[in-house]
Amino acid sequence: MPIDLDAFKPAYEKWVEESLPEFRAGNMKEIVKKYPLIAPDDIPWTVYNGQPSNQTFALVTSGGLYLKDSQPPFDTESIHGDTSFREIPKTVRQQDIGIAHAHYDHSLAEQDINVVFPIQRFIELENEGIIGKLTDTHYSFSYVNDVVSFVTETVPEFISRIKAAGADVLFLVPV
Amino acid sequence: MGLIQRLVEEAGIPTISMGNAPDRMAHIKPPRAMLVKFARGSMFGEPGNVKRQRRIILDALEALQTMSEPGTIQELPYKWKQPDPE
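Chain order of the listed sequences is A and B.
Here the first sequence stands for residues 1 to 175, where the numbers follow our numbering.
Here the second sequence stands for residues 176 to 261, where the numbers follow our numbering.
Pulled out of the complex, with its shape left as it was, chain A reads as follows (with noise of 0.2 Å):
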């Protein structure tokens, strides 16, 4: 476990209930600063072999992308976040995303999704056999602050579905 959660709880449910009435005013400058994830001194590696051009790609983003006519959007009032995650097909197109995510701003990205979704230029990539594959399904987190049952549940069944889709690499585009 990269991260102390049983250090984590006690600060994370303290920042909560300081940083309400900020959360609330939209000022989250101050908040973000003293928001209590640590990450640890030891970072996990897992040697990449071989060639892209061999590989099966993953996108994940964690725009707050979701499908406009078939998937809920995520919350976007809660101080906690939205731990969940959508699946986003290889095959979408622009104008079935929807974005739900309070804390950037949309407007680059509703010009042009591959700017925090590149699935455009990983497709044409796939064509020329640049990369192997890339795979069916893709992926969009949105905003989370409460890691807890992120860390435990959520973020365990993502990687079981990149996974059983035979991901090799994944390529992370934050927002």
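For the record, the hints were derived by calculation from the structure and aren't laboratory data.
Here the structure is a predicted model, which is why all the values come from computation and not from measurement.
Keep in mind that the hints are not guaranteed to be accurate.
What the hints assert, rightly or not - DSSO-like cross-link-like pairs, simulated, lysine-lysine; straight-line CA separation at most 30 Å: (1) B:K212 to A:K34; (2) A:K133 to A:K90; (3) B:K212 to A:K90; (4) B:K226 to A:K90; (5) B:K256 to B:K212; (6) A:K33 to B:K212; (7) A:K33 to A:K14; (8) A:K33 to A:K9; (9) A:K29 to B:K254; (10) A:K90 to B:K256; (11) B:K226 to B:K254; (12) A:K29 to B:K256; (13) B:K212 to A:K29; (14) B:K226 to B:K256; (15) A:K34 to A:K68; (16) A:K163 to A:K68; (17) B:K226 to B:K212; (18) A:K68 to A:K90; (19) B:K254 to A:K90; (20) B:K254 to B:K212; (21) A:K34 to A:K9; (22) A:K34 to A:K14; (23) A:K29 to A:K9; (24) A:K90 to A:K34; (25) A:K14 to A:K29; (26) B:K254 to A:K33; (27) A:K68 to A:K133; (28) A:K14 to B:K212; (29) A:K68 to B:K226.
Starting from the structure of chain A, add chain B where the hints point.
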């Protein structure tokens, strides 16, 4: 995202991420990352710059093959609405 990246890397899948905030990256310590000079919500620069988007991904594919130290961050030279270096 840094947390997801760390857990995926720990689960045996190599990862590479984009980033734009050295202070946040120092805090979350991603295994491999590309650092850009663009604002939140647009890690690949101005919308519609297909050539640059492609170039940044190719930079990342190269970095995947060359980075050998956990926590390596490579800074990219691209600037908002300015031509890319040759």
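Exercise. Which hints from the list above does the structure break, by number from lowest to highest?
Worked result: 15, 24 and 28
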